[in-house]
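> Heads up: the sequence lines are chains A and B, in that order.
When the letters of the first sequence are read in order and numbered with the working numbering, they come out as residues 34 to 450.
When the letters of the second sequence are read in order and numbered with the working numbering, they come out as residues 337 to 607.
Warning: the hint list may mix true and false statements.
[As the list claims (entries may be wrong)] A partial selection of chain B residues facing chain A, derived with a Cβ cut-off under 10 Å: (1) L350; (2) F353; (3) I357.
[Said to hold, decoys possible] Once the Cα atoms are required to be at most 20 Å apart in a straight line, the calculated DMTMM-like pairs of lysine to aspartate or glutamate come out as: (4) A:K332 - B:E455; (5) A:K332 - A:E436; (6) A:K68 - A:E79; (7) B:K510 - A:D223; (8) B:K369 - B:E455; (9) B:K510 - A:E425; (10) A:K149 - A:E347; (11) B:K550 - A:D91; (12) A:K381 - A:D245; (13) B:K454 - A:D245; (14) A:K415 - A:E145; (15) A:K284 - A:E211; (16) B:K508 - A:E436; (17) A:K439 - B:E509.
Derived from the structure by calculation, the hints contain no laboratory data.
We put the beta carbon where it would ideally sit given N, CA and C, even for glycine.
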Amino acid sequence: MKKVWKFLSSMKFAIILLVVLAAACSLGSFIQQGKSYEYYASEYGEQVGALIIALDLDDAFHSWWFVVINGFLCFNLTFCNLIRLPELIERTKSAAEIPDFSTVSGETDDPEGAMKRLGMPAPRALSDGRLISSKNRAGLWGAWVCHLGILLLIIGFGLGQSYKQEFAAYGVAGQTREIGDTGYELTIDDFQVLLREDDTVEQYIAEITVSDPRSGESESAAISVNNPADLFGMRFYQNSTGWAARVNITKDGAPLQSEVLCAGEYIPVADKPELVIYFSSFYPDATMSGGRPATASGKLNNPAYLYQVYYMGEILGMNILYGDEPLTIDEYEVRFTEPQSYTLIAIKRDPFTPLALLGGLVVTLGLFLAFYLQPKRVWAVKNGESWTLYGECRKGGVLFTEEFLKAIKGDKTDAAS
Amino acid sequence: MLQAENFLFTAAMLCYFAAMIVYFVFVAVKNDKISIVAVAIQCAGFVLHTAALVCRGIGAGRLPLTNQYEFATSFAWGLCLVSLIFIFRFRFRILGAFAAPVIFLIIGYAAMQSKDVKELMPALQSGWLGFHVSTAIIAYGAFGVSFVLSIIFLLRDKMRAQGFLDSHIPNKEKLDMISYRSAALGILFLTFTIVTGAIWAERAWGSYWSWDPKETWSLVTWITYAVYLHLRIRRGWQGRSAAIFAVVGFICVMFTYIGVNTFLPGLHSYK
């Protein structure tokens, strides 16, 4: 049991986990995620398709085995850090103590000058006459801090995946939507698509009001891509856009119903619900390309509406209506008018995002400490008329040895390793 | 301004090509003075390249870091910068003989991309773009130098018989150490890249991590170098094994950069 425990908290196990994690991630990136068995069977054959579904490779990053790998990694990091903590505290406290080993040593007549040339701070004299200089002790904590950051990151991400709430609301200016089951309502006060002269989109800007019908409170904000807003503890993002139009239906010349539909939505006729009008696509500057409808620009130069008509679930027909051209179905007349952009707003509440962000920053800090604050200690021992200088920098290797010997250059040297 | 950029870019590319040839001559003729000329030409190429990027930035009215051409030319610039730092810091001129062909290949790849300047789509209009991409350039450049050093490490034994190379190439212990320093710089900056990208993605798309292929392969690259760093402190895995891992790491870098855009389109595919 002790051996198992030791292995699970070992660096060897950490390396195995990292390799497995990298392999799992790359596999998940090569296999299209979230597709059906039929898709995988047609792409890779029936057997491989079945295997992909059975092993959850169609949703690799949320599969049980991916969670298990990350769980083991958290376990490994936690116990690695716990085991190393007492040793690290001890090593940090013992900065003034001379270790019983060194990475390099050499003779010098000017220990303080050599230390200065090495970039070390002015040395301290110990009670027995030895001199010691130490710097970058915080660097000892680099790997430990980095591991802590990874733990925070995985925990923050994992909790976020489990507890975050995500909603979406779409509509045109003036429409109000419920925000999932939160009880709040979102009103789109205005939505604008700013175009440049070359017809490319400069920005999408939505002005929104979120209200709580229970308390009567409301908060408003303008949101655009890269500029979300926080209202009532939720974050609102300008996510996407599309075209909408007003569908007017008359019966025997008398108005029957009038509603705004977004492309992709349908409307049953009020007094004959088995008759359905489906607003398929909108082309603001309609043209034909390869026999198919297309748009020449985003400007409303030649608006056209692609529609389908269904009766009792069966398609009756589909065609394009240009401008306010009417569609007549028996006694009904359908007209599409007022084409306008609709906005899709993503709404999110994830209280663990700051934890994951903190984790990322802590990992960065840990790496900086580990690589750029290399702990160094140099100490000098009086040896008759001369001094013997010893140096320790575990991560410096041969480069530190070279620096050390250069610092005492001209003197008799004796590199220990 | 963009015409000037075109001229400077071509001049820089020619300089890198010339530097590569002169480095090869240095290795063939075994004359130290030639290596000084090679480094000087590489420095000249770097200055011209920097000027080209500045012109591009002024001409486009933004940081030149938003499409395949701009990232490829910046990647070559980053690799040149980091290789020059290591050449001067460690007095290691022969490094240029191995780095220059890689720089030339990458800037050659840039030359094949469209140089059209396009207005930025809304998602790219973010202050985080500069942090995210510039840290990626430094990271990729540092990984490129680590790759070159690891190749030299792996070829070092075969060069032992030649006294000239032996005296110009550091011993394996030092090569391993310099490669480690370069990989460490790379992983620190790659971490910056991933963190700034996550913050940006959260503001733009509402999700700081969505397993987009580019994100996933950045993570795979990060993990590969994390394994490399751990292997170096395990007995029996230093040296050759670690060098092989650094080479694998750079293959991941190149796949993240070119392979993902080509084979695994997602939010980062510039299509």
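> Could you run down the list of hints and mark each one as holding or not?
Here is what the structure says about each hint:
1. L350: 34 Å, violated
2. F353: Violated - the Cβ of F353 (chain B) stays beyond 10 Å from chain A, reaching only about 32 Å at its closest.
3. I357: Since chain A brings no Cβ nearer than about 31 Å to I357 (chain B), farther than 10 Å, the hint is violated.
4. A:K332 - B:E455: Holds, because 18 Å separates the two Cα atoms, which is no more than 20 Å.
5. A:K332 - A:E436: Since the Cα atoms of K332 (chain A) and E436 (chain A) sit roughly 67 Å apart, the hinted pair is violated (cutoff 20 Å).
6. A:K68 - A:E79: Given that 20 Å is the threshold and the Cα spacing comes to 14 Å, the pair holds.
7. B:K510 - A:D223: 64 Å, violated
8. B:K369 - B:E455: 47 Å, violated
9. B:K510 - A:E425: 17 Å, holds
10. A:K149 - A:E347: 88 Å, violated
11. B:K550 - A:D91: It holds: about 18 Å lies between the C-alpha atoms, which stays within 20 Å.
12. A:K381 - A:D245: 17 Å, holds
13. B:K454 - A:D245: Violated, at about 43 Å.
14. A:K415 - A:E145: 12 Å, holds
15. A:K284 - A:E211: 31 Å, violated
16. B:K508 - A:E436: Roughly 17 Å between the alpha carbons, so the hint for K508 (chain B) and E436 (chain A) holds.
17. A:K439 - B:E509: Holds, because 18 Å separates the two Cα atoms, which is no more than 20 Å.
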